[in-house]
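Given chain A, put chain B in place with the hints provided.
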Amino acid sequence: MSVLPLTEREIDVTTLIAAVVDPEHGGIATFLGMTRRESGRRAFAAIEYVAYDCLAASEIAVITDDARSRFGATVVIQHRVGMIPVGEASVAIAASAPHRPAAFAACRFAIDELKSRVPIWKRAHFADGTSAWFDDLDGAAPASSTPGPHHA
Amino acid sequence: MRRDIPVTVIFFAALRERAGCAECQIAVPDPATVADVWPRLPKRIRRSDAPDGVRYAVNDTWADAARPLIAGDRIALLMPFSGG
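Those sequence lines, one after another, are chains A and B.
Heads up: the first sequence runs through residues -8 to 143, numbered per my numbering.
Heads up: the second sequence runs through residues 88 to 171, numbered per my numbering.
Just chain B, with the same shape it has in the complex:
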C-alpha cells in the first residue's frame, strides 16, 4: 500500500505572500522527488506550472528536481533571484 510522505515546504518573497505563511505541510506520494512538490501546492500559491528559473533547496542545501524526498524534508521553492 502506498503511503504519503509528509514534508514541509518553505516560501520566500512573492510565494510567501501568496501563501500567507513562511511554510506549510503537505503530503507527497511515496516515492516522490522535489519535482512532485510544486504540483501539490494549493492553487492559490502556485497559480501555474513551476516557472522557468525556479530553484530548490532541501534541508538548506541546493537540490535538483530529481532529488528523492523522505519524510520530514524541508523543501524551499526559490523563485528567480533579484538581489544586487
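Just chain A, same shape as in the assembly:
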C-alpha cells in the first residue's frame, strides 16, 4: 500500500512500516517527530503545518530515492499538515535495509534532509490563543510571540 507523503490525518506508523517490509531486509528503523509543549517557553497548544504541496511531495520522493542510492534502504516519509495537537506526530519515517546500520543511517538521513529541503512551514499556536509563524524571521510577530528555533 502506498504511503501519501502529506496527510491531514493522524499518522499511522504501522502503515509506514508495512510499506517498507522486505524479506531481504533484516532491520527497520522508524522516527516520529512529535509536537511538544515547549516547557520553559510559552506553552504551545498546537502546531499548524502548511506545505507547498506539489513541491513538498516531489522533494520527499527525491529524498527517498537518495536514501535508496546511498544506503540501499527502502524509505517512506509522511508529513502531517493542518493543526496538530501537542503530543501527536507531525512526521514519520520508516526505513528498512538489509542490516541495522543502514536502516538507522537512512532514517536519520531522511529526517535531516526533510528539515532542510522540503517546503513545509509551521506556526505555533500558544495556549493563550496567540500564534506565530516560525518563518517570520524579521520580527513581524510580537517579540513575546516569536518562538525561535524548534527542532523535532
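Just to be clear, a hint being listed does not mean it is correct.
Covered stretches of chain B, as calculated for chain A (at least 3 residues, CB under 8 Å) [stated by the list, open to error]:
1. 120 to 129
2. 154 to 168
A short, non-exhaustive set of chain B residues, derived as facing chain A with CB atoms under 8 Å [unchecked claim]:
3. 104
4. 117
5. 144
6. 171
Because the hints were derived from the structure by calculation, they are not lab data.
Keep in mind it's a predicted model, so treat the numbers as computed, not measured.
Each residue gets a CB set at the ideal place from its N, CA and C atoms; glycine is no exception.
Frame of chain A; chain B shown alone:
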C-alpha cells in the same frame, strides 16, 4: 520601448498572512529575473530585503535567483522551511 512582464507571485505561511492572499499579480521590467520579484512586492509584504535562506520556485520547479522570467510565470517565494 521597455515593456513590463506580468507575473504571479505565490505566498505561503508568514508571507501569505502578510499579503492577505495566496498570490498576487505584479509587473517586472523586461528583462527580469527571479531576483527582481522581491523588491517589487508591496512593502507590507516584504518589509525588508529578501532574508537569508529564502528559496524560489517557478512554475512549481525549483529555481535560482538568476532565472529569467517570462510573462505568465508563477514565482513562489519560499521562506526558510520549518517542517519536521
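Status of each hint after checking the structure:
1. 120 to 129: Violated: only 0 residues of the segment 120 to 129 of chain B have a Cβ under 8 Å from chain A.
2. 154 to 168: With 5 residues in contact (Cβ-Cβ under 8 Å with chain A), the coverage given for the segment 154 to 168 of chain B holds.
3. 104: 7 Å, holds
4. 117: With Cβ-Cβ at 27 Å, over 8 Å, it is violated.
5. 144: 6 Å, holds
6. 171: 4 Å, holds
Checked against the numbered hints above, the structure breaks hints 1, 4 and satisfies the rest.
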